[in-house]
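4 protein chains.
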Amino acid sequence: MHTIAPELQVAAWLNTAQPLSLRQLRGKVVAVHAFQMLCPGCVSHGIPQAKTIRSNFDEQDVAVIGLHSVFEHHDAMTAKALEAFVHEYRIQFPVAIDRPSPRGAVPMTMAQYQLRGTPTLLVIDRQGRLRLNHFGRADDMQVGALIGQLLAEAPSGAEVHCDDTACSIR
Amino acid sequence: MHTIAPELQVAAWLNTAQPLSLRQLRGKVVAVHAFQMLCPGCVSHGIPQAKTIRSNFDEQDVAVIGLHSVFEHHDAMTAKALEAFVHEYRIQFPVAIDRPSPRGAVPMTMAQYQLRGTPTLLVIDRQGRLRLNHFGRADDMQVGALIGQLLAEAPSGAEVHCDDTACSIR
Amino acid sequence: MHTIAPELQVAAWLNTAQPLSLRQLRGKVVAVHAFQMLCPGCVSHGIPQAKTIRSNFDEQDVAVIGLHSVFEHHDAMTAKALEAFVHEYRIQFPVAIDRPSPRGAVPMTMAQYQLRGTPTLLVIDRQGRLRLNHFGRADDMQVGALIGQLLAEAPSGAEVHCDDTACSIR
Amino acid sequence: MHTIAPELQVAAWLNTAQPLSLRQLRGKVVAVHAFQMLCPGCVSHGIPQAKTIRSNFDEQDVAVIGLHSVFEHHDAMTAKALEAFVHEYRIQFPVAIDRPSPRGAVPMTMAQYQLRGTPTLLVIDRQGRLRLNHFGRADDMQVGALIGQLLAEAPSGAEVHCDDTACSIR
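Protein chains in written order, with this note's numbering: chain A, 1 to 170; chain B, 1 to 170; chain C, 1 to 170; chain D, 1 to 170.
If we strip away everything but chain A, and leave its shape as in the complex, we get:
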């Protein structure tokens, strides 16, 4: 059983004219790369991998979203700093700033998904279910295999329906 991925809680968006929601992306596979701009593993591995996902799959099939989940050095990793970072590192996909929590250092989406840290890769299937929540370095081929498999699954909302004469996808 896979649970439906809860909606992202976002303070602000970069690289998109309109805010995005997982609900509206239903039907696509969604890869969410949770990162911090001052996290070395995010810079050396996570962000390049997110870019590789973006370049390897069609935007019609796979959405890629950055999620800036700051849980330390809040003074350093401001929205202003993130803008400069996104510019310098040539990040073109939409980036969400995880909504700060009034109750502590860990922002709200990070808390809800119980992320262990950054980088974390979340992969959500066409029906909006969370299929991967991977902390640390994920292997490119494994990530590709999962996305390839999820793309082969019936699109969101589709149901295989069989009656007396035939089966069809609705």
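Since the hints were derived computationally from the structure, they do not count as laboratory data.
Do not take every clue at face value.
Which copy is meant is left open, so a pair is good if it fits within one copy or across any two.
[Unchecked claim] Here are the simulated lysine to any residue pairs, SDA-like style, with alpha carbons at most 25 Å apart:
no., residue 1, residue 2
1, Lys51, Gln24
2, Lys80, Arg131
3, Lys80, Val106
Fit chains B, C and D to the supplied structure of chain A, relying on the hints for placement.
Positioned in the frame of chain A, the structure of chains B, C and D alone reads:
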């Protein structure tokens, strides 16, 4: 339309007690890495990628085969030399020696598949159809995505059969 | 003819109890890595190279200094942000913050040395003379060769003195 | 005290019209990369490093020599196979085939230098003395530093001579 991958033409096998055939592997996805032991791109990229495929997927689902297709320096890349190479590079999956042609430098499987050179990655689906014939460096994520997609397809010989009461895979 | 390297103009130091000066480092070879914390080439190449210099040579022979020369995104690359960066990237050698100029975006040391951007590697010999001012990616072996050569030169202030009976270094 | 590097014992040379000798290279720094063509660490690290030495230093100052010291898989690593290897891997510097020993698997130069295996990097100074005998992966910067230092030493045969009025190198 994808054509059925023609059978490999093999002079000898390494790393397997019994000769393999594509026919008997029907039902699995098969990745064939065509290489030459003295081809730098094969050593730096192709063989590590074949090993990555082997380690990322279950042997029940995906077969990995090396195909030593020697089309130059035949004196240097003998069966004896290949054995030493396979040992030194810790290649554990089965390796087929492409059958030399009586008519020229290009061996028989290489000719039949019209390979442009080495490294080449062939990917064959569960039904034995050739789905990828890629010369040069293939991206790990793309290879993963293709294999993931092919694994999600119905196994070889399986048919979705629906009667009045239900649909099942036979 | 090599000119004496002008003194660094520094707003603040990290990772050192006392401010440093090139004058007091006379006698050692000094490697100054000019960087910006949001410069991708600095993060992927320049800082690892500075760390490699630090680990390959004795502190008695070679001093390594980071120089944070911010000429863009001043709002993002604050002293506070740099502290977090230095912590996260495990930078242990002294880091100088290049003194901002009242007249423009380019800080004062950067202007005086006419740096073209970041990363830049400056290498100063035992006598305080500027021997390398390299913008962009410098090859590890070349950097090693230069430092090795400079180390083989007579220490700062030393003079080879010969009298009737012998030559000595004073 | 550094001992004079014993002369290489060579069955045949590739990439040079005339056989080389350490004696005739006196005055230059000499880097000898001992390798086997089927040794993975030689292919991934040692040979690229030897090429980097070749490209970073002037041939007037530094000689680079490959030494094919086969101590296993003799059937596979023949002179014929080495020729193909040198061609495919674009090795342009002279390569010596270490003279086989009548008494065992280890060839003669390898035995005399007491090499532990391949890859091994030997560095010989301008006066013909062995200054480095490093088995395994050597760091590019360290190798550069050593060569830079050796280049800064007085050329072979040169002596600092001081009389009443001055010191000079003869």
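Structure-based check of all given hints:
no.: 1; hint: Lys51 x Gln24; result: within (22 Å within a copy, 39 Å between copies)
no.: 2; hint: Lys80 x Arg131; result: neither (33 Å within a copy, 38 Å between copies)
no.: 3; hint: Lys80 x Val106; result: both (19 Å within a copy, 20 Å between copies)
Checked against the numbered hints given earlier, this structure breaks only hint 2.
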